[in-house]
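> Sequence:
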Amino acid sequence: MIVPSGIGKKRLSLLQDKVVLHGGRLVSSFEEEGRLTHVIVDDMLSIDGFKKYVEDEARVAGVPVLKTQWLSRCLAENAIIPLGEHQMFAMPKICPTVLVGTSLGHPHEEQTKEISINKDGFACAHASGMKTDNVNQLITEELGKLAKIYKNSNDHWRALTYERAINQIKKLPKPISSYEEAKVLHGIGPSLADKIWEIVEQGKLRKAEKLSEGEKVRTLELFTSIWGVGATTAELWYGMGLRNLNDVKTKAHLTHQQQIGLKCFDDLLERMSRAEAGEIAAVIRKAVEELCPGTQTFACGSYRRGKSTCGDVDVLVTHPDGVSHEGLFQPLLKKLKLSGFLTDDLMIQEQSTAQQKYLGVCKLHKENAKYRRLDIIVMPYGELAPALMYFTGSAHFNRSMRLLANKMGMSLSEHGLRAGVVRQGREKVNDGHLLETPTEASIFQHLGLEYRPPEDRDH
DNA sequence: TGGCGGTACTG
DNA sequence: CAGTAC
DNA sequence: GCCA
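The C-terminal position of the first sequence is numbered 458 in numbering that gives the first Met the number 0, with every residue numbered one higher than the one before it.
Keep in mind the hints are simulated off the structure, nothing from the lab.
Even glycine gets a Cβ: it sits at the ideal position worked out from N, Cα and C.
Among the hints, a few may not be true.
[Claimed, not checked] Label pairs and their calculated CB-CB ranges:
| # | residue 1 | residue 2 | range |
| --- | --- | --- | --- |
| 1 | GLU449 | GLY310 | 22 to 32 Å |
| 2 | ASP320 | GLU214 | 52 to 62 Å |
| 3 | GLU269 | GLY431 | 40 to 50 Å |
Can you build the whole structure from these sequences, using the hints too?
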């Protein structure tokens, strides 16, 4: 609901149009139907002025009353942004909030999460976790083809732009049907809007179709789908005249990683069920528990984000006493190898006691089990929250968090959040100081964001 | 026009 | 260092 | 390829 008082006529209708364009629903104060989730008012409106406008106070009880600036930013970012300082006030609540427990082994902060009544509203509220199906699937698929082609040919900044645009479009509740609707979105400029328009009109992208037919594009895609092969190597091999996996096996010089990539090629292209990812995580949890009781393991990545299938399994290992994680890595890997669970190493730093990351391949002990990618990181307990955040992703989510941190003069990594970071161009002049981040929620808080549970961290 | 996440490991 | 990956 |  937008309270028109104090908002210029022109601006009001502009805002209203945009809300609708983004899939929102405008609710008037007289309308009985429909849930009210947010109230937008002019910054200068007083509580009394507000009460006067709304006859029925029960109608707005507990609903946040926000400045127009909040709505503008939501529209610009195409997301429901934290209310924070945009919130002016809220009428006393009538509805209680509900506490819901989660069953996964998350740290205390996430054992309960608040579910308040005023959740969805306009659909730009889709914080990625709401399981709405993608109504612009055709568009995102076509753009995805180009994104991949650009990535495979080392044009990764362009690919990044495409991926961002795709993420943005996925959040939309309504199909895009015009150039203008696309162009309004943050991260979509003339070129992308053009392409989207073409997809809407023609049902496909000529450029993607044409490129996909090309031998080079198809070969680069094949090569880069081998683990350990990126755009540069693929291009090199193509230049050498290699065209298929057999050529690669017989004529290319392969790194250890690429040999494994080839050996497990078919299996690693597949995603596994969520259940299997859970089984794999359980194997590690059991081994860790036997080695050092009290050690905690967290299955992160897409598993923690609640996905129904997983491309790999990411397991974070730590110990609450802050010390026992040290020296745990080598015995753990040894034990997992001895049992035949770990089959190949992709990245392992054997001669350093400071190893923190292991990337490898595993296989469950059962009939027809497939090779699966497994990542393990061992972290000191003090870095648990930033590490969980990093390892849970998604990649795009991590990027945006770190970008925001930068803007605020901070720096976020899997080790911690620092404030007062001074940069001169790229290099840091001052490392700043570490902030206290006992929980993931505290990281959101430092950045002025509302907490987002893992399921809502897809974009 | 420069920047686009920040870091760990391999060869 | 470049390349690759998370 | 888009944005500040």
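> If a hint holds in the structure, say so; if it doesn't, say that too.
Status of each hint after checking the structure:
The hint said 22 to 32 Å for the Cβ distance between GLU449 and GLY310, and at roughly 28 Å that hint holds. At about 58 Å, the CB distance of ASP320 to GLU214 agrees with the hint of 52 to 62 Å. Between GLU269 and GLY431 the beta carbon distance is about 43 Å. The supplied range of 40 to 50 Å therefore holds.
Checked against the numbered hints given earlier, the structure satisfies every one of them.
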